[in-house]
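Trainee: Numbering-wise, full-length UniProt numbering puts 151 at position 151 of the sequence shown, and it's gapless, one number per residue.
Note that these hints are calculated values from the structure, not bench results.
Treat the hints with care, as some may be off.
Okay, derived cross-link-like pairs now, EDC-like style, lysine to aspartate or glutamate, Cα gap no bigger than 20 Å in a straight line [unchecked claim]: (1) Lys130 x Glu25; (2) Lys33 x Asp107; (3) Lys130 x Glu119; (4) Lys130 x Glu38; (5) Lys33 x Glu119; (6) Lys33 x Asp59; (7) Lys130 x Glu48; (8) Lys33 x Asp18; (9) Lys33 x Asp13.
Distance windows between CB atoms, simulated [as the list claims (entries may be wrong)]: (10) Glu102 x Arg50: 13 to 23 Å; (11) Asn8 x Arg37: 29 to 39 Å; (12) Arg37 x Glu119: 25 to 35 Å; (13) Asp107 x Arg37: 34 to 44 Å; (14) Arg127 x Glu38: 28 to 38 Å; (15) Arg47 x Arg127: 15 to 25 Å; (16) Arg126 x Glu25: 13 to 23 Å; (17) Leu140 x Glu102: 29 to 39 Å; (18) Glu136 x Thr105: 37 to 47 Å.
All C-beta atoms in this analysis are idealised placements derived from N, C-alpha and C, irrespective of residue type, glycine included.
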Amino acid sequence: MEQQDIRNLTVGDVMHEDWPALRPEDTVETAIKLFAREGISGAPVVREGRLVGIVTEGDLIFQDAEIKSPGFLDILGGIIPLGSWEEYREQTLKSAGVTVEEVMTRDVVTVAPDTPLPEASTIMARRRIKLLPVVEGERLLRGMISRMDILTLHVVRPRR
(Lines of atoms letter the chains of each structure in order from A and count residues from 1; the text may use other names and numbers.)
(Lines give C-alpha, C1' and ligand atoms only; values in the text may rest on other atoms or scores of the structure.)
Protein backbone atom coordinates (compact mmCIF):
# COMPACT_ATOMS: atom_id res chain seq x y z
CA MET A 1 0.00 0.00 0.00
CA GLU A 2 1.21 3.46 -0.81
CA GLN A 3 1.55 5.92 2.06
CA GLN A 4 -0.45 9.17 1.73
CA ASP A 5 1.09 12.59 2.43
CA ILE A 6 -1.59 14.45 4.37
CA ARG A 7 0.08 17.86 4.24
CA ASN A 8 -1.72 18.84 1.03
CA LEU A 9 -5.16 17.52 2.00
CA THR A 10 -8.04 19.40 3.58
CA VAL A 11 -10.74 18.18 5.91
CA GLY A 12 -13.18 18.34 2.99
CA ASP A 13 -11.07 15.79 1.10
CA VAL A 14 -11.64 13.07 3.67
CA MET A 15 -14.73 13.98 5.73
CA HIS A 16 -17.83 11.80 5.88
CA GLU A 17 -20.71 13.73 4.34
CA ASP A 18 -23.24 11.05 5.30
CA TRP A 19 -22.39 10.63 9.00
CA PRO A 20 -25.53 9.79 11.02
CA ALA A 21 -26.96 12.68 13.05
CA LEU A 22 -29.34 13.03 15.96
CA ARG A 23 -32.00 15.60 16.82
CA PRO A 24 -32.19 17.31 20.22
CA GLU A 25 -35.52 15.62 20.98
CA ASP A 26 -34.20 12.09 20.27
CA THR A 27 -33.89 9.88 23.33
CA VAL A 28 -30.66 8.67 24.87
CA GLU A 29 -31.82 5.15 23.99
CA THR A 30 -32.09 6.19 20.32
CA ALA A 31 -28.52 7.54 20.47
CA ILE A 32 -27.14 4.34 21.99
CA LYS A 33 -28.91 2.20 19.40
CA LEU A 34 -27.56 4.43 16.61
CA PHE A 35 -24.00 4.12 17.92
CA ALA A 36 -24.31 0.32 18.13
CA ARG A 37 -25.96 -0.09 14.72
CA GLU A 38 -23.55 2.22 12.87
CA GLY A 39 -20.40 1.28 14.81
CA ILE A 40 -19.71 4.91 15.75
CA SER A 41 -18.73 6.55 19.02
CA GLY A 42 -20.61 9.80 18.59
CA ALA A 43 -22.94 11.85 16.43
CA PRO A 44 -23.63 15.51 15.75
CA VAL A 45 -26.89 16.93 17.03
CA VAL A 46 -28.64 19.07 14.44
CA ARG A 47 -31.68 21.27 14.26
CA GLU A 48 -32.75 22.38 10.77
CA GLY A 49 -29.36 21.37 9.35
CA ARG A 50 -27.41 23.41 11.87
CA LEU A 51 -25.09 21.95 14.48
CA VAL A 52 -26.35 22.52 18.03
CA GLY A 53 -24.22 19.95 19.85
CA ILE A 54 -22.55 16.57 19.78
CA VAL A 55 -23.22 13.39 21.72
CA THR A 56 -20.44 10.90 22.32
CA GLU A 57 -20.04 7.72 24.30
CA GLY A 58 -18.38 9.89 26.92
CA ASP A 59 -21.56 11.93 27.33
CA LEU A 60 -23.70 8.81 27.59
CA ILE A 61 -21.51 6.97 30.07
CA PHE A 62 -22.74 9.42 32.70
CA GLN A 63 -25.95 7.36 32.66
CA ASP A 64 -24.04 4.64 34.52
CA ALA A 65 -21.37 6.65 36.29
CA GLU A 66 -21.17 7.17 40.01
CA ILE A 67 -21.15 10.91 40.58
CA LYS A 68 -19.46 12.24 43.68
CA SER A 69 -20.58 15.53 45.06
CA PRO A 70 -17.81 17.98 45.88
CA GLY A 71 -16.81 18.10 49.50
CA PHE A 72 -16.93 21.19 51.64
CA LEU A 73 -15.14 22.67 54.59
CA ASP A 74 -17.08 24.17 57.48
CA ILE A 75 -15.02 26.97 59.03
CA LEU A 76 -16.54 29.20 61.70
CA GLY A 77 -20.04 28.53 60.42
CA GLY A 78 -19.16 29.27 56.78
CA ILE A 79 -19.14 26.60 54.08
CA ILE A 80 -16.27 26.56 51.60
CA PRO A 81 -16.75 24.23 48.60
CA LEU A 82 -13.78 22.00 47.79
CA GLY A 83 -14.82 21.30 44.22
CA SER A 84 -16.77 22.69 41.32
CA TRP A 85 -20.50 22.79 42.06
CA GLU A 86 -21.15 23.70 38.41
CA GLU A 87 -19.32 20.57 37.23
CA TYR A 88 -21.28 18.49 39.76
CA ARG A 89 -24.55 20.03 38.56
CA GLU A 90 -23.65 19.33 34.91
CA GLN A 91 -22.70 15.70 35.63
CA THR A 92 -25.86 15.15 37.64
CA LEU A 93 -28.05 16.51 34.84
CA LYS A 94 -26.27 14.33 32.28
CA SER A 95 -26.71 11.23 34.43
CA ALA A 96 -30.46 11.86 34.66
CA GLY A 97 -30.90 12.87 31.01
CA VAL A 98 -33.58 11.32 28.88
CA THR A 99 -33.19 13.31 25.67
CA VAL A 100 -30.11 13.97 23.58
CA GLU A 101 -30.44 17.68 24.31
CA GLU A 102 -30.06 16.98 28.03
CA VAL A 103 -26.79 15.07 27.65
CA MET A 104 -25.14 16.60 24.58
CA THR A 105 -22.05 18.77 24.64
CA ARG A 106 -23.08 22.22 23.45
CA ASP A 107 -19.70 23.92 23.14
CA VAL A 108 -18.50 21.94 20.12
CA VAL A 109 -15.09 22.35 18.51
CA THR A 110 -15.57 22.50 14.73
CA VAL A 111 -13.56 23.00 11.56
CA ALA A 112 -14.39 24.18 8.04
CA PRO A 113 -14.07 21.96 4.96
CA ASP A 114 -11.05 23.96 3.76
CA THR A 115 -9.12 23.43 7.01
CA PRO A 116 -5.77 21.75 6.31
CA LEU A 117 -5.72 18.18 7.59
CA PRO A 118 -2.60 18.70 9.75
CA GLU A 119 -4.42 21.56 11.53
CA ALA A 120 -7.45 19.33 12.20
CA SER A 121 -5.12 16.61 13.50
CA THR A 122 -3.50 19.08 15.87
CA ILE A 123 -6.88 20.27 17.17
CA MET A 124 -8.00 16.70 17.80
CA ALA A 125 -4.77 15.78 19.58
CA ARG A 126 -4.60 18.88 21.77
CA ARG A 127 -8.30 18.81 22.70
CA ARG A 128 -8.34 15.01 23.05
CA ILE A 129 -11.38 14.64 20.84
CA LYS A 130 -12.16 11.74 18.54
CA LEU A 131 -14.80 13.32 16.31
CA LEU A 132 -14.75 16.72 14.67
CA PRO A 133 -17.84 18.22 13.01
CA VAL A 134 -17.22 20.05 9.75
CA VAL A 135 -19.35 23.17 9.36
CA GLU A 136 -19.74 26.16 7.07
CA GLY A 137 -21.23 29.59 7.71
CA GLU A 138 -23.78 29.64 10.50
CA ARG A 139 -22.80 26.18 11.79
CA LEU A 140 -24.33 24.42 8.78
CA LEU A 141 -23.21 20.80 9.16
CA ARG A 142 -21.28 19.51 6.13
CA GLY A 143 -19.75 16.33 7.55
CA MET A 144 -17.66 14.67 10.22
CA ILE A 145 -14.05 13.59 10.48
CA SER A 146 -12.66 11.06 12.94
CA ARG A 147 -9.20 10.24 14.24
CA MET A 148 -9.29 6.98 12.30
CA ASP A 149 -9.95 8.85 9.04
CA ILE A 150 -6.68 10.70 9.52
CA LEU A 151 -4.71 7.71 10.79
CA THR A 152 -5.63 5.50 7.84
CA LEU A 153 -4.29 8.10 5.40
CA HIS A 154 -0.81 7.19 6.53
CA VAL A 155 -1.36 3.68 5.22
CA VAL A 156 -3.95 3.83 2.43
CA ARG A 157 -5.05 6.37 -0.16
CA PRO A 158 -8.07 8.57 0.61
CA ARG A 159 -11.48 7.78 -0.86
CA ARG A 160 -11.30 10.64 -3.37
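Trainee: Does each hint fit the structure? Answer for all of them.
Mentor: Against the structure, the hints:
The straight-line distance between the Cα atoms of Lys130 and Glu25 is roughly 24 Å, outside the 20 Å bound, and the hint therefore fails. Restraint check for Lys33 and Asp107: not satisfied, since their Cα atoms lie roughly 24 Å apart, outside the 20 Å limit. Proximity of Lys130 to Glu119 is assessed by CA-CA distance (about 14 Å); at most 20 Å being required, the pair is judged to hold. Between Lys130 and Glu38 the alpha-carbon distance is near 16 Å, which keeps this suggested pair within the 20 Å criterion.
A distance of roughly 32 Å separates the Cα atoms of Lys33 and Glu119; the hinted pair therefore is violated under the 20 Å criterion. Note on Lys33 and Asp59: the hinted pairing holds, with a Cα-Cα distance of about 15 Å set against a maximum of 20 Å. Straight-line distance between C-alpha atoms of Lys130 and Glu48 comes to about 24 Å, which puts the hinted pair past the 20 Å bound. For the hint linking Lys33 to Asp18, the alpha-carbon distance of about 18 Å falls within 20 Å, and the restraint holds.
Restraint check for Lys33 and Asp13: the C-alpha separation of about 29 Å exceeds 20 Å, so the hint is violated. The beta-carbon spacing between Glu102 and Arg50, approximately 19 Å, falls within the hinted interval of 13 to 23 Å. In this structure the hint that Asn8 and Arg37 lie 29 to 39 Å apart at CB holds, the actual value being about 35 Å. The beta-carbon spacing between Arg37 and Glu119, approximately 32 Å, falls within the hinted interval of 25 to 35 Å.
Distance hint for Asp107 and Arg37: a CB-CB separation of about 27 Å, inconsistent with the stated range 34 to 44 Å. Roughly 23 Å separates the CB atoms of Arg127 and Glu38, a value that falls outside the hinted 28 to 38 Å. For the pair Arg47 and Arg127, the supplied restraint of 15 to 25 Å holds, since their beta-carbon distance comes to about 24 Å. Remark: the range hint 13 to 23 Å for Arg126 to Glu25 is contradicted by a beta-carbon distance near 33 Å.
Between Leu140 and Glu102, the C-beta spacing of about 24 Å breaks the proposed range 29 to 39 Å. Roughly 20 Å separates the CB atoms of Glu136 and Thr105, a value that falls outside the hinted 37 to 47 Å.
Hints 1, 2, 5, 7, 9, 13, 14, 16, 17, 18 from the list above are not met by this structure, while the remaining hints are.
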